[in-house]
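**Student:** Now for the letters of each chain:
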Amino acid sequence: MAEMAVIKTPAETALSVAFATAKGKLPGAAALRETAFKRFETAGLPHRRVEEWKYTDLRALMRDAKPLAPPPDAAAKARASNAGAAFAAVEGRRIVLVDGAFVPELSDLAGLEPGLTIRSMAHALATGDAAVATRLGQVVPTDNVAVALNTALMRDGVVIEVAPGAALARPLHLVFFNAGGAPAAVFTRSLAVIGKAARAMLIESHEGVAEADYQVNTALEIAVGDEAHVDHIKITGGGAGTLHVSSLMAAIGAHARFNEFLFTTAAAVVRNQLFVHFKGEETVAGIRGATLLNGKQHADTTLVADHVAGACISREVFKTVLDGESRGVFQGKIIVAPQAQKTDAKMSAHALLLSEEAEADSKPELEIFADDVQCGHGSTAGALDDDLLFYLKARGIPHKEAESLMIQAFVGEAVDGIEHAGLRDTLIDHVAAWLKTRE
Amino acid sequence: MALLEIKNLHVSVDGKKILNGLNLTVEKGQVAAIMGPNGSGKSTLAHVLAGKDDYEITEGSVLFEGEDLLSLSPDERAAKGVFLAFQYPLEIPGVATMMFLRTALNAQRKKRGQEELSAPDFNRRVFDAAAKLGIERDMLRRGVNVGFSGGEKKRNEVLQMALLEPKLAVLDETDSGLDIDALKIVSDGVNRLRSPERSFVVITHYQRLLDYIVPDVVHVLSKGRIVRTGGKELALELEAKGYAQYQEEMA
Ligand SMILES: Nc1ncnc2c1ncn2[C@@H]1O[C@H](COP(=O)(O)OP(=O)(O)OP(=O)(O)O)[C@@H](O)[C@H]1O
Ligand SMILES: [Mg+2]
Numbered sequence: 001m002a003e004m005a006v007i008k009t010p011a012e013t014a015l016s017v018a019f020a021t022a023k024g025k026l027p028g029a030a031a032l033r034e035t036a037f038k039r040f041e042t043a044g045l046p047h048r049r050v051e052e053w054k055y056t057d058l059r060a061l062m063r064d065a066k067p068l069a070p071p072p073d074a075a076a077k078a079r080a081s082n083a084g085a086a087f088a089a090v091e092g093r094r095i096v097l098v099d100g101a102f103v104p105e106l107s108d109l110a111g112l113e114p115g116l117t118i119r120s121m122a123h124a125l126a127t128g129d130a131a132v133a134t135r136l137g138q139v140v141p142t143d144n145v146a147v148a149l150n151t152a153l154m155r156d157g158v159v160i161e162v163a164p165g166a167a168l169a170r171p172l173h174l175v176f177f178n179a180g181g182a183p184a185a186v187f188t189r190s191l192a193v194i195g196k197a198a199r200a201m202l203i204e205s206h207e208g209v210a211e212a213d214y215q216v217n218t219a220l221e222i223a224v225g226d227e228a229h230v231d232h233i234k235i236t237g238g239g240a241g242t243l244h245v246s247s248l249m250a251a252i253g254a255h256a257r258f259n260e261f262l263f264t265t266a267a268a269v270v271r272n273q274l275f276v277h278f279k280g281e282e283t284v285a286g287i288r289g290a291t292l293l294n295g296k297q298h299a300d301t302t303l304v305a306d307h308v309a310g311a312c313i314s315r316e317v318f319k320t321v322l323d324g325e326s327r328g329v330f331q332g333k334i335i336v337a338p339q340a341q342k343t344d345a346k347m348s349a350h351a352l353l354l355s356e357e358a359e360a361d362s363k364p365e366l367e368i369f370a371d372d373v374q375c376g377h378g379s380t381a382g383a384l385d386d387d388l389l390f391y392l393k394a395r396g397i398p399h400k401e402a403e404s405l406m407i408q409a410f411v412g413e414a415v416d417g418i419e420h421a422g423l424r425d426t427l428i429d430h431v432a433a434w435l436k437t438r439e
Numbered sequence: 001m002a003l004l005e006i007k008n009l010h011v012s013v014d015g016k017k018i019l020n021g022l023n024l025t026v027e028k029g030q031v032a033a034i035m036g037p038n039g040s041g042k043s044t045l046a047h048v049l050a051g052k053d054d055y056e057i058t059e060g061s062v063l064f065e066g067e068d069l070l071s072l073s074p075d076e077r078a079a080k081g082v083f084l085a086f087q088y089p090l091e092i093p094g095v096a097t098m099m100f101l102r103t104a105l106n107a108q109r110k111k112r113g114q115e116e117l118s119a120p121d122f123n124r125r126v127f128d129a130a131a132k133l134g135i136e137r138d139m140l141r142r143g144v145n146v147g148f149s150g151g152e153k154k155r156n157e158v159l160q161m162a163l164l165e166p167k168l169a170v171l172d173e174t175d176s177g178l179d180i181d182a183l184k185i186v187s188d189g190v191n192r193l194r195s196p197e198r199s200f201v202v203i204t205h206y207q208r209l210l211d212y213i214v215p216d217v218v219h220v221l222s223k224g225r226i227v228r229t230g231g232k233e234l235a236l237e238l239e240a241k242g243y244a245q246y247q248e249e250m251a
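Those sequence lines, one after another, are chains A and B.
Once you know that position 57 of the first sequence is 57 in the working numbering, the rest is easy, because the numbers rise by one and skip nothing.
Once you know that position 10 of the second sequence is 10 in the working numbering, the rest is easy, because the numbers rise by one and skip nothing.
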């Protein structure tokens, strides 16, 4: 019997060519890259018949594969000189990556707090850095195809280490800037290792020139030590034409605090995948997000919160505002292992549809193997309440403004969970700016 | 010129006729009470005046200061000075009361070509008005009406009225759900606002309210039209005899 021929899409073919051509020049980890690329070649680009990718058919959405971004030249770096400025109120330590490459001269590396190190992932890979090699791909192992592709083609990123007990005075602000000279593909991989009882706040802002036509595949692995307190906030903006695929692999120790927040307003297609492992007991985590879309934008948040250890509390709250013909996807799965007794996990996903053409898809799941747990999920999708709008309008508030108040209230439920006041206010301003575009 | 002039108003909802040739005139500075059986169309009238769009107006006209009210959006009507105290005030989680009040007041001022109020000026006004109505500051920090008791919601309506200083205030059963003390506080709040420049339409089921807010005129609304108009003694008569005679007249 004839074997079924697997027909590759042009994008898949282009990726194979790109890997074959580039692999000799990519920094280090050759064997790891080969294995990862095989994984990708076997599976191909994920499509809608793959359950995890049901609503975000990457094979259909990726018509082509953009060429790998060249190292940023002086002009590209110049365009990035002001990157991250929208977050000035956060007063973070700015670390800049342009087209996926770490740019020390644009980064604020002076006077690092004791116990903090920041270095280039490319350098760590090229030199076979043992600390990185043992962690890479191991923080939360996954056979996810987007992660495999990232592993195969990763070029740079940052490696951040915070020593046990160290408390960072300022947030670390990683700015990923797409300089947009020509269509390009960017593969960044970063690693953050936060030691026992350390305190760190990590902000990622993905930005770029408006006309950037990019394919971004970015991944971050975070290992959070016992008793550590880590906030990670990722803001996806910039480049209206961009396809942005992002993976977070976070492993959290015992008695820790972990706050994750995803804020998404831009890019044509966004896939944010989160793989969070609760590895130690009595950790408290908040995993939240707000997504605001219009036009033909498509954003997918796919979360797997895996309670391996017991007695952890996790709260997942996702809010999606959909205008125009946009589509918002939420897939959230909470897994509670047999030994993870006393887990308390509650997940909610709410979508607000501002137009008839917008679409919300939600797939919350619980996979519970322990018997003494408190878990639940809720999911809604609907339009703004006309009676509430009328109440506001009857007080003199014009229609659009009344809608804005209600949208802010809707999103606020998630945004208010951000502990850092400067960042919270900045994101509230971002929401206001998004609302302005509707007026 | 009358402040409000409603002529032959016909209104239906989902094909059901509710107002049926209603005529009503409210003079400037007048306090008009409207009484009538459940389901007679009192709240419908109030909503139509405020501009709720679930209603189909099939016939008739409403003039406010001589201008066609029905062609204006709800926020435009509010800016012109029309205020409705809702029979069932809604809760708006996530919209802080202070923010709501400031947005409303400034939106109205802007539309009238007035300057926005400064934050201290605004806060002072709110706190003064709230204190008079026995509304605690903690309540102002919450979402609009969120977690308020029925009576507190009604007081909050009167607070909004006091701040927005309308020309015409329609109070839709603002007395229902109020205890004796709150009824007094709310009535005092309304009476403080009485002026030759401001008119009220007070919808109520209870004569008792009209002991506190003494009306210039009492209208009886039954089956979608005003069937009788009289002085304040008409309220006493209704209290004694009920609406039976009007409903039969209509049948
Ligand atoms: N949206 C609607 N759809 C269908 N019927 C409606 C709607 N709104 C009001 N009605 C009907 O219209 C009639 C008048 O209602 P309305 O609320 O105006 O009465 P009311 O005089 O205020 O009564 P109450 O004294 O009980 O407050 C009622 O029969 C009510 O059921
Ligand atoms: Mg009523």
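Treat the hints as calculated values from the structure; they're not laboratory data.
All residues carry an ideal CB built from backbone N, CA and C; glycine is no exception.
Some clues are possibly wrong.
Said to hold, decoys possible - Computed beta-carbon distance windows for the label pairs:
#, chain 1, residue 1, chain 2, residue 2, range
1, B, S73, A, A421, 52 to 62 Å
2, A, E211, B, Q114, 38 to 48 Å
3, A, P70, B, D138, 52 to 62 Å
4, B, G231, A, A432, 51 to 61 Å
5, A, R49, B, E59, 24 to 34 Å
6, B, S71, A, T380, 33 to 43 Å
7, A, D385, B, L70, 31 to 41 Å
8, B, S73, A, T380, 53 to 63 Å
9, A, T380, B, G231, 45 to 55 Å
10, A, E367, B, G147, 54 to 64 Å
11, A, A85, B, M99, 48 to 58 Å
12, B, S149, A, T380, 22 to 32 Å
13, A, R49, B, S71, 39 to 49 Å
Unchecked claim - In silico SDA-like links for lysine to any residue, alpha-carbon gap of 25 Å or less:
#, chain 1, residue 1, chain 2, residue 2
14, A, K400, B, L140
15, B, K110, A, E401
16, B, K132, B, G151
17, B, K153, A, R438
18, B, K16, A, D385
**Student:** Would you mind marking each hint as holding or not holding in the structure?
**Tutor:** A quick look at each hint next to the structure:
| no. | hint | result |
| --- | --- | --- |
| 1 | B:S73 with A:A421: 52 to 62 Å | 37 Å, violated |
| 2 | A:E211 with B:Q114: 38 to 48 Å | 43 Å, holds |
| 3 | A:P70 with B:D138: 52 to 62 Å | 60 Å, holds |
| 4 | B:G231 with A:A432: 51 to 61 Å | 53 Å, holds |
| 5 | A:R49 with B:E59: 24 to 34 Å | 59 Å, violated |
| 6 | B:S71 with A:T380: 33 to 43 Å | 36 Å, holds |
| 7 | A:D385 with B:L70: 31 to 41 Å | 24 Å, violated |
| 8 | B:S73 with A:T380: 53 to 63 Å | 29 Å, violated |
| 9 | A:T380 with B:G231: 45 to 55 Å | 52 Å, holds |
| 10 | A:E367 with B:G147: 54 to 64 Å | 36 Å, violated |
| 11 | A:A85 with B:M99: 48 to 58 Å | 28 Å, violated |
| 12 | B:S149 with A:T380: 22 to 32 Å | 27 Å, holds |
| 13 | A:R49 with B:S71: 39 to 49 Å | 55 Å, violated |
| 14 | A:K400 with B:L140 | 24 Å, holds |
| 15 | B:K110 with A:E401 | 13 Å, holds |
| 16 | B:K132 with B:G151 | 15 Å, holds |
| 17 | B:K153 with A:R438 | 32 Å, violated |
| 18 | B:K16 with A:D385 | 23 Å, holds |
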